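Those sequence lines, one after another, are chains A and B.
Each residue of the first sequence is one higher than the last, beginning at 0 in numbering that gives the first Met the number 0.
Each residue of the second sequence is one higher than the last, beginning at 0 in numbering that gives the first Met the number 0.
Note that these hints are calculated values from the structure, not bench results.
What you are looking at is a predicted structure, and each value in this text was computed from that prediction instead of being measured.
Don't take every hint at face value.
[To be verified] Straight-line Cα separation of at most 25 Å, DSS-like style, residue types lysine-lysine; simulated pairs:
| id | chain 1 | residue 1 | chain 2 | residue 2 |
| --- | --- | --- | --- | --- |
| 1 | B | Lys177 | A | Lys29 |
| 2 | A | Lys27 | A | Lys57 |
| 3 | B | Lys185 | A | Lys27 |
| 4 | B | Lys53 | B | Lys177 |
| 5 | B | Lys11 | B | Lys69 |
| 6 | A | Lys233 | A | Lys206 |
| 7 | B | Lys161 | B | Lys11 |
| 8 | B | Lys230 | B | Lys185 |
| 9 | B | Lys177 | A | Lys57 |
| 10 | A | Lys70 | B | Lys155 |
| 11 | B | Lys69 | B | Lys53 |
| 12 | B | Lys161 | A | Lys70 |
| 13 | B | Lys118 | B | Lys69 |
| 14 | A | Lys27 | B | Lys155 |
| 15 | A | Lys233 | B | Lys185 |
| 16 | B | Lys11 | A | Lys233 |
| 17 | A | Lys29 | B | Lys11 |
| 18 | A | Lys7 | A | Lys176 |
Single-letter residue listing:
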Amino acid sequence: MSLWIIDKSAMATFVANVMGDYRVVGPKAKGPQFAFDEIEDPAELRLDYNTSILPPKKYFQPQEERLMTFKRNGDSAPEAVIEAEATVIFGVHTCDLHAMRVLDQAFTQNFPDAHYLTRRRQALLIGIECLEPCDEHSFCKSMGTLTISEGYDLHLTDLGDVYAVDVGSEEGLTLLKTYSDARLATESDMQQLNRALSAKWPRFPYKLELDVDELPALMSQSYNNPIWETLAEKCLACGTCNIVCPTCFCFNVYDEVDLNLENGERSRRWDSCMLDVFARVAGGENFREQRSARLRHRFMRKGLYLVERYKHLGCVGCGRCARLCLADISPINVFNELHE
Amino acid sequence: MAENGNGSARPKVAFFDFACCEGCQLTVIDALQTHLELVEAVEIVQFREAMTEKGEDYQIAFIEGSCTRKEDEDRLRKIRAQAGIVVALGACAHIGGVNALANLQPSLQDVRQYVYGDKWDWYNTYPARPISAVIQVDAFIPGCPIDRVEFLSVVKQVLLGKTPAIPDYPVCVECKLKENVCIFDKGGVCLGPITRAGCDAICPTYGDGCEGCRGLIPNPNENAMQDVLLKAGLSVEQLRARMTMFNAYDPAQIEA
Ligand code: SF4
Ligand code: SF4
Ligand code: SF4
Ligand code: SF4
Ligand code: SF4
Numbered sequence: 000m001s002l003w004i005i006d007k008s009a010m011a012t013f014v015a016n017v018m019g020d021y022r023v024v025g026p027k028a029k030g031p032q033f034a035f036d037e038i039e040d041p042a043e044l045r046l047d048y049n050t051s052i053l054p055p056k057k058y059f060q061p062q063e064e065r066l067m068t069f070k071r072n073g074d075s076a077p078e079a080v081i082e083a084e085a086t087v088i089f090g091v092h093t094c095d096l097h098a099m100r101v102l103d104q105a106f107t108q109n110f111p112d113a114h115y116l117t118r119r120r121q122a123l124l125i126g127i128e129c130l131e132p133c134d135e136h137s138f139c140k141s142m143g144t145l146t147i148s149e150g151y152d153l154h155l156t157d158l159g160d161v162y163a164v165d166v167g168s169e170e171g172l173t174l175l176k177t178y179s180d181a182r183l184a185t186e187s188d189m190q191q192l193n194r195a196l197s198a199k200w201p202r203f204p205y206k207l208e209l210d211v212d213e214l215p216a217l218m219s220q221s222y223n224n225p226i227w228e229t230l231a232e233k234c235l236a237c238g239t240c241n242i243v244c245p246t247c248f249c250f251n252v253y254d255e256v257d258l259n260l261e262n263g264e265r266s267r268r269w270d271s272c273m274l275d276v277f278a279r280v281a282g283g284e285n286f287r288e289q290r291s292a293r294l295r296h297r298f299m300r301k302g303l304y305l306v307e308r309y310k311h312l313g314c315v316g317c318g319r320c321a322r323l324c325l326a327d328i329s330p331i332n333v334f335n336e337l338h339e
Numbered sequence: 000m001a002e003n004g005n006g007s008a009r010p011k012v013a014f015f016d017f018a019c020c021e022g023c024q025l026t027v028i029d030a031l032q033t034h035l036e037l038v039e040a041v042e043i044v045q046f047r048e049a050m051t052e053k054g055e056d057y058q059i060a061f062i063e064g065s066c067t068r069k070e071d072e073d074r075l076r077k078i079r080a081q082a083g084i085v086v087a088l089g090a091c092a093h094i095g096g097v098n099a100l101a102n103l104q105p106s107l108q109d110v111r112q113y114v115y116g117d118k119w120d121w122y123n124t125y126p127a128r129p130i131s132a133v134i135q136v137d138a139f140i141p142g143c144p145i146d147r148v149e150f151l152s153v154v155k156q157v158l159l160g161k162t163p164a165i166p167d168y169p170v171c172v173e174c175k176l177k178e179n180v181c182i183f184d185k186g187g188v189c190l191g192p193i194t195r196a197g198c199d200a201i202c203p204t205y206g207d208g209c210e211g212c213r214g215l216i217p218n219p220n221e222n223a224m225q226d227v228l229l230k231a232g233l234s235v236e237q238l239r240a241r242m243t244m245f246n247a248y249d250p251a252q253i254e255a
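With the rest of the complex left out, here is chain A (with noise of 0.2 Å):
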């Protein structure tokens, strides 16, 4: 829409005015990683993190929460509970960008999601480029998922002493220019920032060995593959791969009542396809007993059956799987293994 610049001494009083009137979300140091958390004072804010434990899609679909109340004796009807407050999310990755698309469809498609997506609405996303790959287990740009040009209301691009911010919508706009004192970039501002863009791509290296593309041909060619069992062996089946996933977004939905047995609340809380009993149905049939079969249900998610269903890959190669995987269990490596 229209590109502006904003010093960088100038942003911690940007923050510290949006703070006056919203939650401010964003990346802050936790011991020798960065997590997303609620900005108290300005200085928290890590815009040079390399990349969150959890992705930021935790302020759309929260790790645990309520979905509603009920009374056991059905004397009144079930009430929805909807914890949504409205939120400026500060450093969002243009990996984690793209992911958002993917939850966006997995929640409005066939059942749109209430609670999903009225803090969807009361949230705006803040975005800033990579100029260095964050480390080295990622592999955004064979993804496609390097740079991105919509998803975001503002976009920041690091240009020393100040930041290019892209504005990609109305609300994103009104935000820059109530709370801060950016001024519109000149002809030489944008060509600085066409220069940072431009000189960022060799930095990243193209790990994929087939062109992304090509990706969901590969993946239905693959069910019968060996290399499931062999994966198998190793792996854990912790979970911590779902977990972690910016695009993962399986939950599980109980209920608590109440010790005098009257009130109950209904809740849900991120499920993982890799543990054990995902795929117990009543009856107590499990029809991915097998580690190899739970391996293969979540690689052909990645690669292929999100695909067919939200025209999304469902892997953005933000690398945090491969990252904290105890077994080194790495996308991109299996993607490369089966192309071979």
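Knowing the structure of chain A, use the given hints to seat chain B with the ligands on it.
For chain B with the ligands alone, kept in the frame of chain A given last:
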């Protein structure tokens, strides 16, 4: 029988202990203090740790501790005969827990001498076992000690007439949901990938690797876990110690 708020009879509940430290019962006492509704919901008729009365008319029995003596089997069977529902309370009753470490020693007589010195023959013993090795058990509350929230949840499920379900996924799930920095990334080791969740990953959250007190998940990949631990720098001896701290019990130890 007294009534609870729901208008139905309050079930009579009794607590028993075998070889244990009574820490799980302390957690129950703690839960009774923080959740007064619990006292309304059930009628406690026997609880040596908390009261002097001793009612023998109970429907739900919570049993803490492992069975470590032949003569305790009769007591367990009597409880089983009386109670409609038997719940194993804590790691010792659930999986044998630390008591089963003795089973790994070459001779139980050495163990008795080590513990009781020259009075060793005053105390009888046999290989430690979870109570499910002696009687049928309806529900388990894992942990060393138990988690009070889980205790409440199991009580509620029993009151609702349901078979209590406990998590069958690993501690890693709870740990990652809390967005903890993984202990392996801090140079430590952790049994979270193969240990049953339900403790809200309390140890990794406070900086310690999981030692497996809640027992293993169904179908754990123990070989892969061992590879991960060896790669993280554990010696074979340290690996064995970690894997057996709470999970030393193996049914083969009591075949005789
Ligand atoms: S994180 Fe690794 S070990 Fe754990 S379930 Fe995923 S692939 Fe398996
Ligand atoms: S599969 Fe792994 S690399 Fe791909 S989006 Fe999910 S966490 Fe990131
Ligand atoms: S995967 Fe790419 S886009 Fe995502 S954080 Fe890493 S470098 Fe940035
Ligand atoms: S600290 Fe332990 S429980 Fe937590 S993720 Fe790491 S291995 Fe799993
Ligand atoms: S983290 Fe492991 S050792 Fe600690 S309470 Fe939970 S199961 Fe027990």
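Comparing the hints with the structure gives:
Between lysine 177 of chain B and lysine 29 of chain A, the direct Cα distance comes to roughly 12 Å. Compliance with the 25 Å bound is thereby established for this hinted pair. For the given pair, lysine 27 of chain A sits about 15 Å from lysine 57 of chain A by alpha-carbon distance, which is consistent with the 25 Å threshold. The hinted pair formed by lysine 185 of chain B and lysine 27 of chain A meets the criterion: a straight-line CA distance of about 18 Å does not exceed 25 Å. Straight-line distance between C-alpha atoms of lysine 53 of chain B and lysine 177 of chain B comes to about 43 Å, which puts the hinted pair past the 25 Å bound.
Distance hint between lysine 11 of chain B and lysine 69 of chain B is unfulfilled; the C-alpha atoms sit about 28 Å from each other, more than 25 Å. Between the alpha carbons of lysine 233 of chain A and lysine 206 of chain A the distance comes to roughly 23 Å, so the proposed pair stays at or under 25 Å and holds. Restraint check: the Cα-Cα separation between lysine 161 of chain B and lysine 11 of chain B comes to about 17 Å, which is no more than 25 Å; the hinted pair holds. Restraint check for lysine 230 of chain B and lysine 185 of chain B: the C-alpha separation of about 14 Å stays at or below 25 Å, so the hint holds.
At most 25 Å may separate the alpha-carbon atoms for a hinted pair to count; lysine 177 of chain B and lysine 57 of chain A meet this at roughly 11 Å. Proximity of lysine 70 of chain A to lysine 155 of chain B is assessed by CA-CA distance (about 15 Å); at most 25 Å being required, the pair is judged to hold. The hinted pair formed by lysine 69 of chain B and lysine 53 of chain B meets the criterion: a straight-line CA distance of about 24 Å does not exceed 25 Å. In summary, the hint linking lysine 161 of chain B to lysine 70 of chain A is supported, as the alpha carbons are separated by about 18 Å, within the 25 Å threshold.
Restraint check for lysine 118 of chain B and lysine 69 of chain B: satisfied, since their Cα atoms lie roughly 19 Å apart, inside the 25 Å limit. Of the supplied pair hints, the one linking lysine 27 of chain A and lysine 155 of chain B is violated, its CA atoms being roughly 39 Å apart against a limit of 25 Å. Taking the CA atoms of lysine 233 of chain A and lysine 185 of chain B, the gap is near 22 Å; set against the 25 Å cutoff, the hint holds. Proximity of lysine 11 of chain B to lysine 233 of chain A is assessed by CA-CA distance (about 48 Å); at most 25 Å being required, the pair is judged violated.
Our distance criterion of 25 Å between C-alpha atoms is broken by lysine 29 of chain A and lysine 11 of chain B, whose separation comes to about 48 Å. Restraint check for lysine 7 of chain A and lysine 176 of chain A: the C-alpha separation of about 16 Å stays at or below 25 Å, so the hint holds.
Comparing the model with each numbered hint stated earlier shows that hints 4, 5, 14, 16 and 17 do not hold.
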